[in-house]
Amino acid sequence: MNRTHVTCMINDDETEFLCDNDESLLDALRDEVGLTGAKEGCGTGDCGACSIILNGQLICACLAFAPEANGGTIETVEGMADGDRLHPLQTSFLEEASLQCGVCTPGFLMAAKALLENNPDPTETEVRYAIAGNLCRCTGYDKIVRAVLGAAAQMRKNPIEGARP
Amino acid sequence: MKAVGQNIPHDSAVGHVTGEALYVDDLPPTQGEVLVDAIASPIAHGKLLGNNFDELRELPGIVGLYTVSDLPGHNRFGVIIPDECFLPEDVVEYVGQPIAVVAAENRRALRKAKQLAKLEIEELPPVFTIEEAIAARQFIGPTRTIQCGDFEAAWNEAEHRLEGVFHCNGQEQFYLESQAALVWPNEEGQILIHSSTQNPTEIQQVVAEALGLNFHDVISVCKRMGGGFGGKETQAAIPAVMAALVVRHTGRSARVAYTKDDDMRSTGKRHPFKIFYKAAFTAEGRITGVEFDLYSNGGAAADLSTSIMERALLHSDNAYHLPNACFRGTVCKTNLPPNTAFRGFGGPQGMANIENVVQEIAITLGRDAYEIRRLNCYDHGLRNTTPYGQVVQHHILPEILDRLEETSNYQERLQEIETFNRTSATELRGLALTPVKFGISFTTRFLNQGNALVNLYKDGTVQVSTGGTEMGQGLNTKIRQVVADELGIGYEQVRVMITSTEKNNNASPTAASAGTDLNGMAAANACRAIRERLAEFAAQHLSDAENGCAAESSCIHFGDGRVWDERRPNASIAFAELVKLAYLERISLGERGFYRTPGVDFNRDTGQGHPFFYYTTGAAVSEVRLDRFTGHLTLERADLLMDIGESINPGIDLGQTIGGFIQGVGWVTNEELRYSNKGDLLSYSPTTYKIPNIQDIPDTFRVDYLQNPNHQVNVRRSKAIGEPPLMLCLSVWMAVKHALSCVKPGAIPKLRLPATGEKILRCLTELDGSTSRTEEEIPLIAPSPLTTEPEPKRAAA
Numbered sequence: 000m001n002r003t004h005v006t007c008m009i010n011d012d013e014t015e016f017l018c019d020n021d022e023s024l025l026d027a028l029r030d031e032v033g034l035t036g037a038k039e040g041c042g043t044g045d046c047g048a049c050s051i052i053l054n055g056q057l058i059c060a061c062l063a064f065a066p067e068a069n070g071g072t073i074e075t076v077e078g079m080a081d082g083d084r085l086h087p088l089q090t091s092f093l094e095e096a097s098l099q100c101g102v103c104t105p106g107f108l109m110a111a112k113a114l115l116e117n118n119p120d121p122t123e124t125e126v127r128y129a130i131a132g133n134l135c136r137c138t139g140y141d142k143i144v145r146a147v148l149g150a151a152a153q154m155r156k157n158p159i160e161g162a163r164p
Numbered sequence: 000m001k002a003v004g005q006n007i008p009h010d011s012a013v014g015h016v017t018g019e020a021l022y023v024d025d026l027p028p029t030q031g032e033v034l035v036d037a038i039a040s041p042i043a044h045g046k047l048l049g050n051n052f053d054e055l056r057e058l059p060g061i062v063g064l065y066t067v068s069d070l071p072g073h074n075r076f077g078v079i080i081p082d083e084c085f086l087p088e089d090v091v092e093y094v095g096q097p098i099a100v101v102a103a104e105n106r107r108a109l110r111k112a113k114q115l116a117k118l119e120i121e122e123l124p125p126v127f128t129i130e131e132a133i134a135a136r137q138f139i140g141p142t143r144t145i146q147c148g149d150f151e152a153a154w155n156e157a158e159h160r161l162e163g164v165f166h167c168n169g170q171e172q173f174y175l176e177s178q179a180a181l182v183w184p185n186e187e188g189q190i191l192i193h194s195s196t197q198n199p200t201e202i203q204q205v206v207a208e209a210l211g212l213n214f215h216d217v218i219s220v221c222k223r224m225g226g227g228f229g230g231k232e233t234q235a236a237i238p239a240v241m242a243a244l245v246v247r248h249t250g251r252s253a254r255v256a257y258t259k260d261d262d263m264r265s266t267g268k269r270h271p272f273k274i275f276y277k278a279a280f281t282a283e284g285r286i287t288g289v290e291f292d293l294y295s296n297g298g299a300a301a302d303l304s305t306s307i308m309e310r311a312l313l314h315s316d317n318a319y320h321l322p323n324a325c326f327r328g329t330v331c332k333t334n335l336p337p338n339t340a341f342r343g344f345g346g347p348q349g350m351a352n353i354e355n356v357v358q359e360i361a362i363t364l365g366r367d368a369y370e371i372r373r374l375n376c377y378d379h380g381l382r383n384t385t386p387y388g389q390v391v392q393h394h395i396l397p398e399i400l401d402r403l404e405e406t407s408n409y410q411e412r413l414q415e416i417e418t419f420n421r422t423s424a425t426e427l428r429g430l431a432l433t434p435v436k437f438g439i440s441f442t443t444r445f446l447n448q449g450n451a452l453v454n455l456y457k458d459g460t461v462q463v464s465t466g467g468t469e470m471g472q473g474l475n476t477k478i479r480q481v482v483a484d485e486l487g488i489g490y491e492q493v494r495v496m497i498t499s500t501e502k503n504n505n506a507s508p509t510a511a512s513a514g515t516d517l518n519g520m521a522a523a524n525a526c527r528a529i530r531e532r533l534a535e536f537a538a539q540h541l542s543d544a545e546n547g548c549a550a551e552s553s554c555i556h557f558g559d560g561r562v563w564d565e566r567r568p569n570a571s572i573a574f575a576e577l578v579k580l581a582y583l584e585r586i587s588l589g590e591r592g593f594y595r596t597p598g599v600d601f602n603r604d605t606g607q608g609h610p611f612f613y614y615t616t617g618a619a620v621s622e623v624r625l626d627r628f629t630g631h632l633t634l635e636r637a638d639l640l641m642d643i644g645e646s647i648n649p650g651i652d653l654g655q656t657i658g659g660f661i662q663g664v665g666w667v668t669n670e671e672l673r674y675s676n677k678g679d680l681l682s683y684s685p686t687t688y689k690i691p692n693i694q695d696i697p698d699t700f701r702v703d704y705l706q707n708p709n710h711q712v713n714v715r716r717s718k719a720i721g722e723p724p725l726m727l728c729l730s731v732w733m734a735v736k737h738a739l740s741c742v743k744p745g746a747i748p749k750l751r752l753p754a755t756g757e758k759i760l761r762c763l764t765e766l767d768g769s770t771s772r773t774e775e776e777i778p779l780i781a782p783s784p785l786t787t788e789p790e791p792k793r794a795a796a
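Listed in order, the protein sequences are those of chains A and B.
Taken in order, the first sequence gives residues 0 to 164; the numbers are from numbering that gives the first Met the number 0.
Taken in order, the second sequence gives residues 0 to 796; the numbers are from numbering that gives the first Met the number 0.
Hints are computed from structural coordinates only; laboratory data are not their basis.
One or more hints might be untrue.
[Unchecked claim] In the EDC-like style, the derived pairs of lysine to aspartate or glutamate whose C-alpha atoms are separated by at most 20 Å in a straight line are:
(1) B:Lys113 <-> A:Glu94
(2) B:Lys111 <-> A:Asp19
(3) B:Lys1 <-> A:Glu94
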């Protein structure tokens, strides 16, 4: 069958791939592009493990069709670090021991990144609200909230170069 | 600096935050790889009559479709009782049971084959509930008994008596990474399996048996799991066999990754229990005797059910001294997926029952439940023998309770809450403080062994491999810390390698919270053997006989990456340098370490013995708020206090404590498995099955640990932490019961587990005296019409 040609920016790299029209963006990222950071937890948009940022919007990649990415801009967990230099959210997750099995971690990081880009000084309630769409079965969430608040404070002190205002 | 005790990030933390850590389904495909899935039974119990598999084999993109007749080896498996089929011969026994294995070039073809599959199945009468199984006398294994004293006499002489029935529902493990396996063909018919399993050794064995291979023809490896929680202790076997079968027939590598929906529908869960209880007690509230008849819903095959029942029996005392007790446990066989291990392994059900009994004793006597708990708690010296004969030693249970009562302001809050409940027409609040005493060790003696391989390289770095698997719990991090300290080198000098049956044979599952205990000790033993050899060599190297300092290996010390003779500390040598010299002197720089837990022994026939090496203990206070109009439950505050010995990694242990507690909170509050009257799970995705999310975490959440100077055993004097915190959740369930008991003083609220909003509302309505239908009239599974209608029906699905 005919496959669709998609061109988009993924983590600042111009990327092309072929996909089926009914293929999810998650499957395309994992199978066609080889970016396996986003995970399929449930496949129904309930767990948030496949969270990515498409055109500035936090989405569940399992709920989007791959051709929807054509001409768009995608951010995934693989693009968070600047070379070997981790994003403050990543460092904060390490320091607060906010991860265990790690499958939900990329989704939480993307959700937290999307939050902090729009709201650099969130309250704990706002953090909780922002990550309410992400499920974690290991940590009990408490340390994830600490990590996001810690990273926000860090980023207010030392903004990332080139980050959107 | 010592690594043990430091807050070192998880071994894979950088990989997790960058997305570089690979799980089975993240491994890139190899040339010619095929995708594998199952055609599963839509019927809970039925006879296989026909199918359209020949048509399906002709579909484009289909590589092969295999049934039981294509299995080269034998079809039966089961770690305790070999009563389970990889693929059914003529009868299906649960919805979701794989009937055929289909291999395809791509997902589309795989989906198509599953959609177009036609199965002709003659329905047989199914059994779904414990009640139905008891009526049909369908049991797995014998009824087991643990007893002490004379319950009958205690009952007859009792000042007060209580009896009733305890119910709890099951729980889905809900590991974020569903079951998965990737199998590669190797030379000469050998195969290599990447499995998301807590038990690579079992995967090796069952795949070998199913394919008719020797064990040495199969290598089973596991880099990491995206959560296990017990659900991958035995149940990773079927997907591994499915993929291996395809490899055997096609010679191509094969991948299987369940969708969450299929995983939830077809794999086993925490066991539902029904327990008939009787308790005798004094006016003061002291328990003089109990009799518990435990029934669990084992599902369609034995799996680990009999062991889980054993642990339920061994935890039916929780933290309470019961001078006269009789516990009986029977596993029911039903037509649900075989229920299996889940964090706590029967412990939570046994403990929930006695906590419920204690709460009801308090309601009966009009006293506060914590008083009854404190009064009956295991003590020091006296009143500390369990019903199975093991003495609870070196514990600090009373101290934990006293401390927590104080630090949580229990008494003041209780007064305040009870006053509130007398005046509020819209809300009810509840408070409960419950203890946990969890026995550490496999109750099956032979499983209490571990082995580890430690290899030193010429630059002084180390690779360690153990039979333990990493599922997020931090085992690998702790192993690295232990090995670094044993060799006196930095944490960064040590790497933990992929778990493989090629390096660590005949390993026990990473389960029973014992992963670090067994594998950490085995690794430490390996390091000690290497250190002894190196010390002997270093003694020669660092001696100065002319100045009266003869070679003496007992004077050699290892630390901070250096080695020295205590008599001449300034003449030290770098560890890496010593290793290089030792290599040139042909000294062995590798070791396999072995460990078996000392002293554990339990006699199943008498129900007496010493099953546990030690106990991990703790307690929690939880405060809840209930909406009297909707039954909505809010957990407002939780205070946890545990004795976990000397923590090897405080950050990881804190994660295990909080995570375990919250997972338990899910079990006792919102996680409800609902089935159709045909035994088909209805709550098969997070859309309908509610695990805790961030909004379920209490606003005030305090976790602390209490030092226990009496705990002297185990690796670096640590304690196992994996399972015990889960059972702290019982404080939440009991807090709900406490709130409900304020509606009508003296009336016992018939609260089931989980306490969903619906159930709380129903209890409230009952207590308010309205005529609501009780739980007995609305069972979780509607009785199947087939059980009352013996005439078998034919169904084409």
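Here is how each hint holds up against the structure:
1. Under the criterion of a C-alpha separation no larger than 20 Å, the hint pairing Lys113 of chain B with Glu94 of chain A is inconsistent with the structure, at around 45 Å.
2. Taking the CA atoms of Lys111 of chain B and Asp19 of chain A, the gap is near 15 Å; set against the 20 Å cutoff, the hint holds.
3. Among the hinted pairs, Lys1 of chain B with Glu94 of chain A is consistent with the structure: their alpha-carbon atoms are about 19 Å apart, no more than 20 Å.
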